[in-house]
Amino acid sequence: MRALVSSPRALSAPKAIRVQVDPRGKPIAVGGVRVETVRRDWMHRFGWWRDDPVRRRYYEVITVTGRRVVVFRDMLTDRWFSQKA
Amino acid sequence: MRRRAENRGPLIVCVHIPRFQLRVATGGSQDLLGRALAIAPTGGGAMSVGEVTASAQAQGVRAGMALGEALGHCRNLELIPGDPIRVARAWDQAARALEGIGAQLELARPGVAYFDAEGLEGVHGGRDGVIAAAGNALGSRPRIGAGPTRFCALAAALQARSRRARVIDERHARRFLGGQPVGTLRYRPETEQLVVPLVRFGVETLGALVKLGAAAVADRFGEPGSLARRLALGQDTPLQTRRLEDRLEESMDLGEANSGQLLERTLGVLVDRLLARPERRGRTIRVLVLSARLVERGTWCEEVVLREAICDAKRILLALTAPLGLLPAPAVALGLAVVEFGPSTGDQTCLLDGERRAREERRRKAVEQVQALGGTNAILRVLSLEAESPLPEHRHLLTPWIG
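Just so you know, the protein sequences line up as chains V and G, in that order.
For the first sequence, my numbering gives the first residue as 96, with consecutive numbering after it.
For the second sequence, my numbering gives the first residue as 62, with consecutive numbering after it.
It should be emphasised that the hints constitute simulated quantities derived from the structure, not laboratory data.
Careful, some of the hints might be misleading.
Claimed, not checked - Computed, partial: chain G to chain V, Cβ under 7 Å: (1) 171; (2) 275; (3) 276; (4) 280; (5) 360; (6) 393; (7) 451; (8) 458; (9) 460.
Stated by the list, open to error - Label pairs and their calculated CB-CB ranges: (10) G:182 x V:138: 30 to 38 Å; (11) G:154 x V:104: 32 to 40 Å; (12) V:155 x G:310: 29 to 37 Å; (13) V:138 x G:284: 52 to 60 Å; (14) V:135 x G:182: 55 to 63 Å; (15) V:118 x G:272: 36 to 44 Å; (16) V:155 x G:298: 32 to 40 Å; (17) V:174 x G:428: 48 to 56 Å; (18) V:174 x G:379: 41 to 49 Å; (19) V:115 x G:298: 31 to 39 Å.
Ideal placement from N, C-alpha and C gives every residue a C-beta, glycine not left out.
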């Protein structure tokens with residue numbers, strides 16, 4: 096029987112990524128690829144009433160290869176992630 | 062009491078018969094020891110060699126290597142034609158012998174099988190008893206390894222000696238895996254492409270791969286890299302055990318009937334014979350294997366998954382005609398086997414409300430066909446949870462498609 100199946104998983108789950116930033120904290124390279132421009136940035140504060148609040152600074156960037164990438168810095172852990180948003 | 066504490070946690074057993082395809086192709090001949098041999102590339106596929114003997118391996122030849130490169134490494138390399146039909150039969154026989162001890166098997170490739178020892182311990186007197194029973198079931202001295210995950214069990218089996226199984230305790234799995242060569246990843250189809258670039262980068266062991274960090278590995282190697290790292294950390298997906306089904310088989314010598322039309326007629330006779338077998342018990346047919354013994358030494362086989370489970374001889378023959386054209390050389394015998402059956406009821410079509418039902422039916426069949434080819438996880442459903450959530454990962458879930 097092929098009864099065993101994988102458990103449900105989140106679509107668009109954040110993936111850890113290496114990001115280099117300028118002195119103001121804006122991304123200048125994402126995953127080793129230089130950023131051409133930062134199109135926009137925004138802040139998410141969510142679930143402040145819970146034990147696991149979320150504080151993220153999102154950036155939508157275009158790399159020199161022409162790829163659009165959405166990355167965010169987790170303000171609580173100071174780690175960077177990419178996400179299909 | 063202490064022994065019981067040690068035996069906690071899952072135990073996946075890996076049974077590995079090294080160079081299984083080569084052994085079958087050479088008929089297990091002993092005078093081949095010390096000779097540089099490799100299975101010749103198949104007619105239709107990539108020009109790369111199959112399994113190789115230890116002597117060829119010592120001279121730098123590896124399975125999957127391009128033929129030109131292999132001959133460059135080893136001038137006296139002898140090529141022998143592969144025999145996929147005999148390999149499939151011998152492997153099925155070995156699998157049935159293992160299933161005879163009560164094991165539910167996942168067959169990774171000919172020569173590598175996994176099963177969960179849980180539930181068998183009571184029958185065979187503990188974990189050691191299960192491992193001994195598996196070894197006794199196969200006469201050909203398999204290498205047996207066991208560990209908390211499939212990958213750990215495989216790495217243990219690759220280290221094991223023919224007379225002594227290697228069992229890795231859950232607490233030591235991560236340390237054990239850390240010391241294993243990255244070449245172990247070659248045994249997983251999803252990660253086998255990583256071995257060459259990793260070695261080129263100087264990453265020799267799985268421990269070194271783990272040290273690179275999740276982000277760096279994902280960044281450079283994508284999903285296969287992340288999977289390889291998870292495997293190295295002692296994580297793995299659940300076993301996908303095979304369904305126990307009876308296999309119906311028919312074959313016929315061709316004599317002079319080598320031309321296209323005569324081949325098709327022979328195939329028609331084989332289809333009629335299969336459908337007439339009482340063991341079919343009225344069931345429809347989902348997956349068939351078309352095989353041939355070639356004029357030159359060697360055999361050929363091709364799996365055919367039907368778009369829908371049917372028992373109409375004309376439609377089955379139509380589906381088999383195209384693969385017949387892939388025969389790499391003239392054949393002296395043709396074989397046809399049913400490896401998966403469908404339900405015995407077949408299609409019950411409806412007079413009214415036909416279009417919607419027909420569309421749903423087509424979708425159901427498409428899902429079944431994809432799952433028959435790629436396993437249950439080959440197709441997933443997107444489930445909307447909180448579509449308005451500001452966090453993208455809270456909006457949708459990927460869930461298995463069941464039913």
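Outcome of the hint check:
| no. | hint | verdict |
| --- | --- | --- |
| 1 | 171 | 19 Å, violated |
| 2 | 275 | 5 Å, holds |
| 3 | 276 | 4 Å, holds |
| 4 | 280 | 5 Å, holds |
| 5 | 360 | 28 Å, violated |
| 6 | 393 | 36 Å, violated |
| 7 | 451 | 6 Å, holds |
| 8 | 458 | 5 Å, holds |
| 9 | 460 | 4 Å, holds |
| 10 | G:182 x V:138: 30 to 38 Å | 55 Å, violated |
| 11 | G:154 x V:104: 32 to 40 Å | 38 Å, holds |
| 12 | V:155 x G:310: 29 to 37 Å | 59 Å, violated |
| 13 | V:138 x G:284: 52 to 60 Å | 30 Å, violated |
| 14 | V:135 x G:182: 55 to 63 Å | 59 Å, holds |
| 15 | V:118 x G:272: 36 to 44 Å | 30 Å, violated |
| 16 | V:155 x G:298: 32 to 40 Å | 33 Å, holds |
| 17 | V:174 x G:428: 48 to 56 Å | 38 Å, violated |
| 18 | V:174 x G:379: 41 to 49 Å | 57 Å, violated |
| 19 | V:115 x G:298: 31 to 39 Å | 34 Å, holds |
When the structure is compared with the earlier hints, violations turn up for hints 1, 5, 6, 10, 12, 13, 15, 17, 18 and for no others.
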